[in-house]
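Enquirer: Taking the hints into account, I'd like the entire structure generated from these sequences.
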Amino acid sequence: MGHRFSHGWLADTHPDALRVFLDLNHGMSAQQKYDRVVEMYETMNATCAAEERRLRPDADEREIFLRVAARRLGWDLMRKVWGRAPPERDERRT
Amino acid sequence: MNDALKAIVEILARLGLRYAAVGSIASSVHGLPRFTNDADLLIDIRVEQISPLADLARGAFYLDVEEAERAVAGGRAFNLIHFASAAKVDLFPCGPGEFNSAELSRSAEAVWVAPGGTAIRLQVTGWAARLGVADLLARLREELAG
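Going down the list, the protein sequences come from chains A and B. Positions 1 to 94 (the working numbering) are the ones given, in order, by the first sequence. Positions 1 to 146 (the working numbering) are the ones given, in order, by the second sequence.
These are computed hints drawn from the structure, not numbers from a lab. Predicted, not measured: the structure shown is a model, and the values here were computed from it. The C-beta atom is built at its ideal place from N, Cα and C for all residues, glycine as well. Each hint should be verified, as a subset may be incorrect.
Claimed, not checked - Over the 12 Å line for every Cβ pair with chain A, so calculated as not near, a few chain B residues: (1) R14; (2) A73; (3) R76; (4) F99; (5) A128.
Unchecked claim - Simulated pairs of lysine to any residue, SDA-like, Cα-Cα distance not exceeding 20 Å: (6) K80/A x A54/B; (7) K6/B x V38/A; (8) K6/B x A145/B.
Expert: Okay, here's the thing in structure tokens:
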């Protein structure tokens, strides 16, 4: 059985693989799906934190936390919330 | 994000405010889980309830009270930022009587997620506003209702 989409979403997925993917998701409870969302969010945060640690090996965990927050919230909102933003705002990442 | 949501729904429950998770969380629960940068809650709140909300949120969340009061008065969303996790929760005020008790909850035992139909209706309404076709959507709904 094939699944067709009129847009690009999952267009790179083989129909058999897509069927397995959809079946797995249909079998998940609401709690499991909610947990997946939280898990994806935490994974993205951890990935951003790892990248910040790589870029700034001397930074302490507080600075890493603030820099990860700035990636998601933007610098202006972050300054409102914490009253400051990390230095080197315009530093180019390499 | 989970800690922030739990903390918020506990505050809402203490204030007796009805809410439902909408947006990405609702679409994930009713459909396929997907990544989101923040959490959206639909909330039955009036302007005068912002101050008590801020009192309970103080210390755990950032909340701009004046902006939140302006937002609720104008039917717009306002933000809470969880200091401990930097998670952002957007609260969308609903109009009086706009949603019934089956769609919103005062539960603090678990994050209450809006029913699928409600979540879709809100998404469509939001996109219609962004695309500047809210009037067309309203006419369509009138035609369907008539």
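Enquirer: Could you run down the list of hints and mark each one as holding or not?
Expert: Results for each hint:
1. R14: 22 Å, holds
2. A73: 20 Å, holds
3. R76: 16 Å, holds
4. F99: 19 Å, holds
5. A128: Fine: 19 Å to the nearest Cβ keeps A128/B off the interface.
6. K80/A x A54/B: Roughly 16 Å separates the two Cα atoms, so the pair holds.
7. K6/B x V38/A: Holds: K6/B and V38/A sit about 12 Å apart, inside 20 Å.
8. K6/B x A145/B: Roughly 38 Å separates the two Cα atoms, so the pair is violated.
In summary, the one numbered hint that this structure violates is 8.
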